[in-house]
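Residues per chain, in single letters:
Number of protein chains: 2
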Amino acid sequence: MSFKEEYQRKVESTEEILRKYLPAREGYQKIITEAMEYSLMAGGKRIRPVLMREFYELFGGEGRLIEPFMAAIEMIHTYSLVHDDLPAMDNDDYRRGRKTTHVVYGEDMGILAGDALLNYAFETACTAFDQEPAKSSVIGHALQILARKAGIYGMIGGQVVDVKESGHSISADILDFIYRLKTGALIESSVMIGAVLAGASEEEISKAESIASKVGMAFQIQDDILDVTSTTEMLGKPVHSDEKNEKTTYVTLKGVDESGREVERLTSEALEELKELGHENRFLNELLEWLVYREK
Amino acid sequence: MSFKEEYQRKVESTEEILRKYLPAREGYQKIITEAMEYSLMAGGKRIRPVLMREFYELFGGEGRLIEPFMAAIEMIHTYSLVHDDLPAMDNDDYRRGRKTTHVVYGEDMGILAGDALLNYAFETACTAFDQEPAKSSVIGHALQILARKAGIYGMIGGQVVDVKESGHSISADILDFIYRLKTGALIESSVMIGAVLAGASEEEISKAESIASKVGMAFQIQDDILDVTSTTEMLGKPVHSDEKNEKTTYVTLKGVDESGREVERLTSEALEELKELGHENRFLNELLEWLVYREK
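Listed in order, the protein sequences are those of chains W and S.
Residues in the first sequence are numbered from 1 upward in steps of one, following my numbering.
Residues in the second sequence are numbered from 1 upward in steps of one, following my numbering.
What the hints contain is simulated information worked out from the structure, not anything from laboratory work.
Treat the hints with caution; some may be incorrect.
Listed next, with one range per pair, are the computed distances between beta-carbon atoms [to be verified]:
#1 S/Asp130 x W/Asn281: 28 to 34 Å
#2 W/Asn281 x S/Glu273: 31 to 37 Å
#3 W/Lys4 x S/Gly60: 40 to 46 Å
#4 S/Asp130 x W/Ser201: 40 to 46 Å
#5 W/Gly278 x S/Ser13: 50 to 56 Å
#6 S/Asp130 x W/Val104: 38 to 44 Å
#7 W/Val104 x S/Leu253: 31 to 37 Å
#8 W/Glu26 x S/Glu34: 38 to 44 Å
Where a beta carbon is used, it is the ideal one built from N, C-alpha and C, also for glycine.
The shape of chain W in the complex, shown without the other chains (with noise of 0.2 Å):
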């Protein structure tokens, strides 16, 4: 089975899971579970509990117990992009191709929507209490890295800074902050839930976490330099958009070719590291090559 293949595969048991623990539709308050869904359900890569789940299994880690956070994580992702496409924000008509929740179902239950999602993720999480009483602790702690890589110290404090500072030229010490919490900081919890719930050392908890926010960078900066070199049809968006935008990225900041080479450092980095934690997995050593190397 090719990379490709067995990420897809990974990718549809992922959405199975997101399916089990998407609220039924029904009761007076339908329209808001309709509106969770049809954002959680509008395709994406999965990155993160993707990941996830391959660091809760190169732990060791083993049944159900991750899937809750596997949705919580991808839960947390979704209502921030609700809430970032909404006209007071980003003002996104369209997301993938289909119209963004607010469009569909009403700036009101866009923003009830958005809010739905994180308390859901929460509760989604929770319910891992009920799953293994015996592990409460270590549950604990991977609710507590959840709700703080989430939060102003994690991907909203990255979200304000790139609101507040959005039309602005930045310095790369701004810029730098944004990519760390804005992108970075969902990743880390991702590969640092699934090692917490392994039942991971505090070391090698730490050591995932590096992984991650290497990633979490290349991700970025990989981002920045398709919108220069790639072309509409690949990238299945509209390139040159931060030109337009006039938007500070790494590659105004540095040029293509610094940030190639930056984008290399930091992946054989991440790969140096993930070969350090003395757990051999293929499959996550190409995932982090593709996710830095993709085309699109």
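Based on the hints, put chain S in the right spot on chain W.
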């Protein structure tokens, strides 16, 4: 000390706890911590955290384990007000005589401040795991209640139906659903979390839920009555607003007299159930009476 003085002291102690758990105003994302503080420290009755601690102590709870959850429930209540006030929702420029969060910080930051408060509520509640690692299992149970009652089967669910039905005449069934979820659910979760963290039995937790459910409903009906019978000076906000907005309320469905009898019935049942719990608590008795017979 009069009831009013005693309540005021408990409010002050609650606000100290809120301040303690607020994130520091620092870092590139400082603006969001300012917006969180602006909305969270805007005053209010602090009913939910005060009730939470009363029920904690009623069931013998001691020490500070309750504090992160007191902060969390008020953060959740506050985020719901911040998002409620947004232009796409109720579009309110003022709340309690102050400009609303999105008016001061911009609509984008209003959305993000609400998200941040909801997320930070869970982040704050999760600090309880560090405080008392040996109690991970009851802390997990408390988190489950917090998430469930704030979500689509609780507060958000009620808000969704309220928004969806706004401008329509609605049935007594739907009105009951909205009141139980939008107002009742967070009050229920407050007393349940107090009971859970104090180590109460399942039966006691469920009795606490029943008391809170009745108090929440009586509280909301009293709101409807005051809108008809009070004055703007007394209430500190415009009266007859429900009539102006053609809103279906308990009073428009049943009339003022029948509504008053319902408040009395619910309150005396709640007080009776509180007595049956077998723990004397004069303050809590007075609190429940004040909550429903208040004049503003």
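Here's how the hints hold up against the structure:
1. S/Asp130 x W/Asn281: 28 to 34 Å: holds, 32 Å
2. W/Asn281 x S/Glu273: 31 to 37 Å: This hint is violated: roughly 57 Å between Cβ atoms.
3. W/Lys4 x S/Gly60: 40 to 46 Å: violated, 59 Å
4. S/Asp130 x W/Ser201: 40 to 46 Å: violated, 18 Å
5. W/Gly278 x S/Ser13: 50 to 56 Å: holds, 51 Å
6. S/Asp130 x W/Val104: 38 to 44 Å: With a Cβ separation near 42 Å, aspartate 130 of chain S and valine 104 of chain W satisfy 38 to 44 Å, so the hint holds.
7. W/Val104 x S/Leu253: 31 to 37 Å: holds, 33 Å
8. W/Glu26 x S/Glu34: 38 to 44 Å: The hint (38 to 44 Å, Cβ to Cβ) holds, given that glutamate 26 of chain W and glutamate 34 of chain S are roughly 41 Å apart.
Hint compliance for this structure: hints 2, 3 and 4 are not met, and every other hint is.
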